[in-house]
Amino acid sequence: MLLQATRVSKHYGGVQALRDAEFALAGGEVHALVGENGAGKSTLARILAGVTRPDSARIVIDGRPVSIRHPLDAQRLGIGMIHQELDLFPSLTAGENMTLGNLCYRGGRIADFCRPFFAQVGLECEARRAVETLSIGQRQLLAIARALSMNARVLLMDEATSSLDATSVERLFAVIGELRRGGVAIVYVSHKMDEIFRIAGRITILRDGATVGTVEAAATTPTEVIRMMVGREVGDVRHAAPDLGPVLLSVKLPGIGFDLHRGEILGIAGLVGSGRSSLGAALARLHADRVVLLPEDRRTQGLMPDLSVLENATLAILPRLARLGFIRRGTERREFEPLGRRLALSCPSLDAPVTTLSGGNQQKVLLARWLMRGADVLFLDDPTRGIDVAAKLDIYRAIEELAAAGHGIILVSSELPELLRLAGRILVLNNRRLAAVYDAREATQERIMAAATQ
Amino acid sequence: MTRDLLRRSGSLAALLGILILAIAISPTAADGSRIFLEPGNLTDILRQISLIGIISLAMTFVILTGGIDLSVGSVLALATTLTAMSLTRWWPDAGYGAHIARTIALVLAVSAAAGALNGAVTAFLQMQPFIVTLASMIGIRGLAKWLSNNENIDIGFGRDVAAQFAAVFREKAVVIGSYVAAAAVFLVLLARTVFGRHVRAIGDNERAAEFAGLPIRRTKVWVYALTGLLSGYAGVLYAAENHQGNPNAGVAYELDAIAAVVIGGTRLSGGKGSVAGTIVGTLIMGVLTNMLRLKNVDSNVEMMIKAVIIVLAVAVQRPRKEV
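Protein chains in written order, with numbering that gives the first Met the number 0: chain R, 0 to 453; chain Y, 0 to 322.
Bound conformation, chain Y alone (with noise of 0.2 Å):
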């Protein structure tokens, strides 16, 4: 009984109970008040979600179709990389604003083409997504690496294009904004549009998508370029963070993004979750780490404790099994 609710709600339980095991065990401020209630904590979580919450977005659709991209992480280095070359290198002569709007065009292309590529090799030579991005995880990470010398390059905090970018895109209004339009977006990519109903069947049963005529190949493409094109935004906004485009960025975010979305109840052999179901498993990261760091946890600790819970996530919304 407790069970059978546990499952229906889902992540949704787990975010809630998690909620008020933080306000019960937060500091408190010198007046009382709870420090995890107040907006400035509740608000540093959302902008610290954004990053691994975008990229989750487009993860889900992607494990959606029974697939995985390993390399997200390396594409969002590449993205900073990219980034802060262009604002700090190229185009010396443009003025600010289309300076920063072909700077960010460039980036998102290129992103995007990376995740097309990955689509494009899994679908038409039916390899392994897994391996497919584990090659590109690595073949990305070093061009980033090598077109910045393996260094990191830094983005000032003067007047220029650069640092002016920065100031407008690591405004906390602008991450979290971001987010919450990518979500609305995919939210209504999921379920309402043709392209969201083939990505469920795909992952659902290939073989029955294949004799039914759906566009398998097609849809598969654009899945995993919509991952590199937010992957590449993500690291817009990395840049803009940490003032650096940094090639060693993003290392382990495949590994949160696909958390978050299993956390979220995403079935990882494909077929079977939700968006809604991915941002409440962001959010269930997101605030468990606010949580634990507020109560000065030692990072090993906290590492260990979220392995805990991604296990309990997912053991508590596995399916009844079939009689």
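Next comes chain R alone, as it looks inside the complex (with noise of 0.2 Å):
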């Protein structure tokens, strides 16, 4: 084996991002890394590029033990990085983006250093062409070029294809072709099928930042890498979907169109970048009366941190609390009482900043803003990702009480389990567009993960 991570753990605040995870590369192959969102994949491919730094790890390359604790070690040790957000400087040109943090690049004419390189990846452009002006096919190329010039035996590829056209793709694919029969070991990040049975030589599947096998691409199926991914445990409790009440909303967008009922609850399923948080975005501007959002990232796009659980829960609609301008305080207050006890909010103090609550109840104190602005459709972006499991049952009951009280929701959500209990219809959102349509009733796992990675 080239390259041996074993026990390799890592977590972010209370969130265990990998436990234990194993993966062995061998040298000259491609080798996929697979998992759900949120599986561990990418932190597995950064930790080995040094750019974070794990709980624990044993790492063992051409049978020695080695500590990559920084991008430099990695660099030394022949390992390179594609970023998923090429890691460019977009103001530099082509060639200041080789060169800087190269250890590899000891003076002379930038550009006689880039040209073998340019030329390996097949990349057409001069030197001191500034980045920000290149596709993003090409800073892909540039991106591969600037870590084969560093001595890359191994390249880390983290979601390479997300941004790019079916023709980059090829040519994407063409260099990693022509760089493994060259012997460079490559790491392939996805969770694309038909790109990884097309590549891949290999397929290690992580599952909640555990290793769960690898296996050879030969030998297996997209349908069996599927059932891995997901594990086997499938949603247990089912609800028979409830007879649909009138149509509440009728959208119709460029690729994608459906009807939402009253009192329905609407599942969406789609991997990361499949447009289905940018659906909550254009139902939201289209239907600015109507529907409200709660978006995906809760610290950035609902949350005030500085502001108070009881700040935060009435901020949309403290003119109705006000009177001349003034907020009536105690009614503000019992405003929200009785929301907070339904949601079972569980909080020392209502005055206490947002930020001390725990990611479930500061989740309720997002969900009590809008249900007190009296919204009739609810887009809820994966309403319970990275929240513990005893408020994701509170969040579940509160959505199904808002359902049974009239309101329509459109809940995307990344655990396909939880849209198989809640949803009585689920859309599969694929490269932007309506891939499938399931009642919940013969819905798997399998087939929508299948719909939506074809």
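Possibly wrong hints are sitting among the right ones.
Examples of chain Y residues toward chain R, derived with CB under 10 Å [as the list claims (entries may be wrong)]:
id: 1; residue: G39
id: 2; residue: N40
id: 3; residue: R191
id: 4; residue: I201
id: 5; residue: D203
id: 6; residue: F210
id: 7; residue: R266
id: 8; residue: L267
No lab work stands behind these hints, which were simulated from the structure alone.
For every residue, glycine included, the Cβ atom is placed at its ideal position computed from N, Cα and C.
Since each chain comes alone in its own frame, lean on the hints to assemble the complex.
Have a look at this one:
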């Protein structure tokens, strides 16, 4: 084995991103690293590249144990990484990007240094061109050329094709094939089954931060890999879709069209980047008066971290609580308290900063903000991401109550069991288009993943 | 433990410390009493901090929204100039009361409009407030100098309307009373009103404020208009105090106001802070200046000491690093 990583663990706050994950890479292979959103694949790649420090890890290269504590350590060991959002400096030139922080560049004309590597990846561009004038595909090739110029023997590629058009993808695959034949080992982080089975020799599957297994691509099928990604246990409690009320919202967007009924919980499945979050933004924009959006990232898009729990909850209805511009603080409190009880909000004081609450309770505060506003359509973008099980159940109950009260709910989730449990119908998005619609009773995790990844 | 206590009590502890120091090292009068504690000296301090104090109240709101206003000194200069011009040259036939009322109304309207323009450009063109108010700092100073032909416009000591105006508006009670009234209004505005809540929310997380449907642009225009208004009123007081309209007045006032706000614990990136903190911050600077002047400390040394105090006050209050 060229590289062997064992017992790799890493936590962020209360979330265990990796627990004793394992990964082994042979020389000259294309090895796919797959898993659902949040399975830990990018974290593992970043640890190998020295960008993220693990809590613990044992990494052996060429039979020698090594410690990778810094990107320059990785560079010396011949490990290069192409990040998802290419880590290039947009205002600097291609040549400057090639040479900055590059231990192998020891002066001389930058253009001469770049030429052989540009030729190797088939990048036609002058070294003095600013990176921001290059296409995304060209930037990708530049990032690869940069890694190669650092004598990389191992190339980690994180979601390399996520923003590439079809032609650039073909070009990239051709380059990957060339590199492999030249002896470079490639770790291809992805969840796109068609790509993985086209280029990878072996596949390692991660689930919930642990390694499920490594398989030969030739000896398995996409269905089998998907099964390993999502695990066996399928959501147990299933609700028969209730009789649908009248149509509440008719959505007609390019590539995506559906009706939302009164009292319906409509599930949306799809990978990150499949258009599920931009759907929410589009709906909130088009029907600003009726649709409220509980954004995916509650920290950057929802919460005011230094405002109190109560202030966060009532933020969107202040004019209603005020007389002559003065907030009636008793009314404010009285309006919120029953709702807080209904959501089983647990917080020491309504006047404490909202960031002192757990993730689940923070989410409840945001949910309360929109409930008080009384919108009839709620777009919930991954409302249970990163929160603990008990809080999840409270939020499930709140969602069901809302639907029963006649709201229409669009629920985006990365967790398929959650969708299967709550939603009556599930729409699967893939590449910003509606790929499939399932009745929850006939949907399975495997079928949804297949539609989302093909 | 000590650090925790310091952080929570914030700038108030710093003020107490400086007060105790000021009393301790105060020179004594012939009868042995401490000069620092004499009522005349204490009210002098309040009067000296009132102009910066008034401006820094509004500056607190600007900074809470995540903005900054560098133009306050220039608006003050324009206001002193307009005040003096209006009183000495315009409306010669008006009665004294009406003349003074019209003058103040005019000055406040122009100042608030200048501030509103800052806010509108910042909010609607989505430009950085630093750049917008840097431009207006230059432009408004130019306007003040151009209007006055680059000269001070004197307000005399006779019995004319300008002199009468100055006599009233340089009274300690009027100056300090203005500051106290403005402080009370701004305390309530921030703590109790929808507007104040919106100001804090926008500075805390503007993206989330947008998602929550808050009136971001309207709020910003109001915040900068209020800053213009208060800077203009400070200009009226300045003209009375110095018996002149001075187009070169108020240079670097923006820095003193910002210093008072940050010493008071308001975060420069917005969202977190209080009017009470700013008042304490203003008092700290005022007491410090008074204490050093009573001891005849060189004014250059005074600046160096102030620099240290600013850094210390903010360092003590910075939040614990998140784990």
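We went through each hint and held it up to the structure:
{"no.": "1", "hint": "G39", "result": "violated, 39 Å"}
{"no.": "2", "hint": "N40", "result": "violated, 38 Å"}
{"no.": "3", "hint": "R191", "result": "holds, 5 Å"}
{"no.": "4", "hint": "I201", "result": "holds, 9 Å"}
{"no.": "5", "hint": "D203", "result": "holds, 4 Å"}
{"no.": "6", "hint": "F210", "result": "holds, 6 Å"}
{"no.": "7", "hint": "R266", "result": "holds, 8 Å"}
{"no.": "8", "hint": "L267", "result": "violated, 14 Å"}
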